[in-house]
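Asker: Start from chain A and add chain B according to the hints.
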Amino acid sequence: MIGLSHDSLEFSFPEVHPEAKLNIQFQRTLRIPDDGTDYPLPAGLGEFPIEHVDDYLRTVPDRWLEHGGVMLPMYQSEAMWINFQSTFLTDHDTCYPFAVKIAAGKIDAVTGKPWTNHLRRQPQNYLQVPSQPWLDGFSIEQGVIRQFVAMPLGGGYTAEEQITGGAEFGGLQIMVMPMRRKAFERYHPVVQSFQKAVRQTAEVHCFSPPPCSFLESEMEMGLGAGGRMRQQIYDDQYKLADWETKQSSRCFVHLTNSETWCQITGKYPPTKPPTATSYEQAGMPWFDWYEDKPAVGGSATLRSLKSVVQVDKVNNEKPVIDNDPIAIEKVTHLRESLSKGQVREGQF
Amino acid sequence: MSDLGDYLRKQREQRRQSDPQFSLRKVAQRIGVQPSYLSKVERGSEGSPSEETLRRLAEDLNEDADILLALGGKISTDLASIIRKRPKLFAELIRDLKDIPDHAVLRIVREVRDGNW
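Chains as they are written, first to last, in the working numbering: chain A, 11 to 358; chain B, 970 to 1086.
Treat the hints as calculated values from the structure; they're not laboratory data.
For glycine and all other residues, C-beta sits at the position ideal for the given N, C-alpha and C.
Fair warning: there could be bad hints in the mix.
Restraint-style ranges between C-beta atoms, simulated for each label pair [stated by the list, open to error]: (1) B:1067 <-> A:11: 16 to 26 Å; (2) A:342 <-> B:1067: 53 to 63 Å; (3) B:1050 <-> A:335: 55 to 65 Å; (4) A:75 <-> B:1021: 27 to 37 Å; (5) B:1046 <-> A:100: 48 to 58 Å; (6) A:15 <-> B:1019: 29 to 39 Å; (7) A:18 <-> B:1061: 25 to 35 Å; (8) A:17 <-> B:1019: 33 to 43 Å.
Far from chain B, by Cβ distances over 12 Å, these chain A residues were calculated [what the hints assert, rightly or not]: (9) 29; (10) 35; (11) 46; (12) 47; (13) 59; (14) 130; (15) 151; (16) 256; (17) 293; (18) 296; (19) 324.
Isolated chain B (complex conformation):
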């Protein structure tokens, strides 16, 4: 079982206990895939779904799309595009931040930036 499959199955099953709309079949129907495909994804016997499918899954399960994408080994298109524009800067930035605690990263990210005026 893959990390993504394991996570998806747990989240979906948790919701199904209180709402039958979260059965494998109903979720697959809503996100536009075959139930057999979703079942394989959950068991880890299928490769990671496309970004679009993962986003639809995230929306249906009310999960964070970036987390599902990361579990599926993908980086969202908008992030990839941001990094491609300034690859050296962002690569250095991410490497520098890798060991910093979450609260410290949040502090950096949420800082109000002064510009040129």
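Just chain A, same shape as in the assembly:
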């Protein structure tokens, strides 16, 4: 089942394991420049507010009710990253593993292929959590994504429109499958209390993220491709058969612009995010995430997408926000399972 609590989607699978729980948050962030540079990760600027579409029967389009799920507001100048947080099981000294499929406008954000409810390995069409702590955009090359940027549906900017030629779905689609319990217990048996004590002193983290009227169709948003960012999509180290594919949960996340959010919900959206230039000038942090793990290659389909800036150029449109390159002075390097300053011990 999926619950919504404090602007976080909670996927839980008590029929598989009582602790098989995955929280997903949608973090607001700035739009990085699309200037050919591969930028590091900007910080999260707070979570997007989320509401059930069913709570607004009178003000959301009928097809949103048909899709079910939730909705959130985005400014056109705004970008998003998706944070994954699975439950840490002390006895097993690990987080419960999940396979997570992410699509925008029903276009798979990892492969660029149309949405299916199935997991595939070649090419891998899902993320493996907790190895993948977050996702910031469309996977275009090994180690590079193009940022998820909100654009009006119907303007030709979104991945869905460029790949399918239609603007039918928009939004974001998520599907989560937990690891089979037997597989989990085989890979991650209960650890001895001595081992646990040693590891706990190392301050283990599974991940540590940086800190009313009827809706018009043009008010719907989809996700287009923004600037380039350094980010790996990690190869699944488990077997396809380890995933409990019969216990999946899906959620459609509808995106609306901020004015329409007000009309639908009667609530104010968050304030506008800063531009990349003002973010850097304010000395806000940038991050890099380092992992010694194999990563999947990017999608040729997604690589061929025109970015929002490229579509604007073709259409002779003035960009909505400035796209000036910025020089980043300081990047904080993050690593899985290590606290700041800790030396990594390898295999020898």
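Answerer: Below, chain B without anything else, positioned relative to chain A:
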């Protein structure tokens, strides 16, 4: 004294102790009824007020309108309309839920629904 009258009087008197604006007369004035009528409602010697009056009372006393409506033996118009659209489904649903603990009901109600896409 009716359940509704008893509840209303307690809530209003509680507020009046710290704020004289919650005297019987002032509240009646704000919600647009005669003080004598509100007094009768509180004593249970008058039938349940209309949905509109109960909603104004709820707003003035900062109480939940659905609770006051239920105490007054009424179901809000929007809920009645929802049930009338699918009477069999909702009647079954409500009967099935009647013995389930509150937290379990909340869990069902707040579940994010997957649809057709």
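Asker: Hint numbers the structure violates, sorted upward?
Answerer: Every hint satisfied by this model.
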